[in-house]
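Chemist: Protein chains in written order, with my numbering: chain E, 1 to 212; chain X, 213 to 313.
In short, the hints are calculated from the structure, not lab data.
Honestly, I wouldn't trust all of these hints.
What the hints assert, rightly or not - Residues from chain E that face chain X, not an exhaustive set, calculated with beta carbons under 8 Å:
{"id": "1", "residue": "Ala19"}
{"id": "2", "residue": "Trp24"}
{"id": "3", "residue": "Val31"}
{"id": "4", "residue": "Ala39"}
{"id": "5", "residue": "Ile66"}
{"id": "6", "residue": "Val70"}
The beta-carbon is built from N, C-alpha and C at its ideal position, and this holds for glycine as well.
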Amino acid sequence: MNAHLAEHFDDPPQQKEAAMLGMWAFIATEVLFFGVLLAAYIVCRWRFPAGFADGSRHTDLLLGSIETAVLLASGCIMAVGLREIQLAKQRSACLAIVITAALGVAFLVLHGMEYVDEYHEGLIPTVRYLQNGTDADSMEVFFCLYYVITGLHSLHVLIGVVLLLVIAERTRRGHFSPHYYTPLEIAGLYWSLVDIVWIFVYPGIYLAGHSA
Amino acid sequence: MNKPEQGIPSLASHLLAMGALWLLLLMSAATQWMPHSGWITVITTSIAVAQACIVLVVFMRLKSSSNLLRFVAIFSFCWPLLLVVFSLGDYMTRSPLRWPW
Chain E
1 MNAHLAEHFD DPPQQKEAAM LGMWAFIATE VLFFGVLLAA YIVCRWRFPA GFADGSRHTD
61 LLLGSIETAV LLASGCIMAV GLREIQLAKQ RSACLAIVIT AALGVAFLVL HGMEYVDEYH
121 EGLIPTVRYL QNGTDADSME VFFCLYYVIT GLHSLHVLIG VVLLLVIAER TRRGHFSPHY
181 YTPLEIAGLY WSLVDIVWIF VYPGIYLAGH SA
Chain X
213 MNKPEQGIPS LASHLLAMGA LWLLLLMSAA TQWMPHSGWI TVITTSIAVA QACIVLVVFM
273 RLKSSSNLLR FVAIFSFCWP LLLVVFSLGD YMTRSPLRWP W
């Protein structure tokens, strides 16, 4: 009897298929969750184009691009970690997962720096909003959506970092092998989801108003 | 339990995917030097879709997944698309309402 096989499954491949399907169903709910926010952003941008372009010009494009590069690299390193465990290289897999988590923390720190700059510029609606002019009200709508979308995304990154650290510890203790690595694969899927959400947030938030 | 040595992607494919993602990111960021027009949104959104496809196929391993998982993955990303298309369809065809005062 396999130690990892739950009694209600016939065999390990069936158990793995069920776990992956469950994770993809969860990803579908998360895609809908962020999809609604992005739809709200698109509709409001259609309604207030000038205010959204002004709001986007107040964001830090360089920092946003670096954050995107960091997150894309972390997704690749996580996928390499999964590959390493499949090749029975527990130590390098553990290292790859820890590096992924560290890049996740780097992303959060960089984004925190952006929030601090925006606080000093007076760009946080209801907390410290010091903008004036004809488009100040519609720019406030932009920043409301900006903080909801990026805040919820950062929360997902934070959850992902904790999840990766737990998985790294389990990998270090030898819980995973080329015969059983489903939790690691599921954590990798979650991290890729976080990547994909940001891939769509980046052009919407940072590139909407920076063109010449 | 997983079968060892089955469907393990090469390290080169991962590095190639990361290189492509960074290149697309640079292309996306480079649109800031283009003259302002509606095409920039189309270009940056198309680049984002290409990046998401790379992540889905290479990092999330949809290429080697079962047909059922591919089906769920494709539909999970199609629902928000429908949401955006129908919402924008409504807003783009609606007559502007006058303020009541």
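Chemist: Against chain X, run the beta carbon of valine 70 of chain E and see if the smallest gap drops under 8 Å.
Modeler: Interface hint status for valine 70 of chain E: violated (11 Å vs cutoff 8 Å).
Chemist: Close enough to count: is the Cβ of isoleucine 66 of chain E nearer than 8 Å to one in chain X?
Modeler: violated (10 Å)
Chemist: Taking the closest Cβ pair, is tryptophan 24 of chain E under 8 Å from chain X?
Modeler: holds (4 Å)
Chemist: Report holds or violated for the interface hint on alanine 19 of chain E, using the least CB-CB distance to chain X and a cut-off of 8 Å.
Modeler: It is violated, given that the least Cβ distance between alanine 19 of chain E and chain X is near 11 Å, above 8 Å.
Chemist: Quick check on alanine 39 of chain E please, does its C-beta sit within 8 Å of some C-beta on chain X?
Modeler: holds (5 Å)
Chemist: Would the stated hint for valine 31 of chain E survive a check requiring a Cβ distance to chain X of less than 8 Å?
Modeler: holds (5 Å)
In this structure, the earlier hints numbered 1, 5 and 6 are contradicted, and the remaining ones agree with it.
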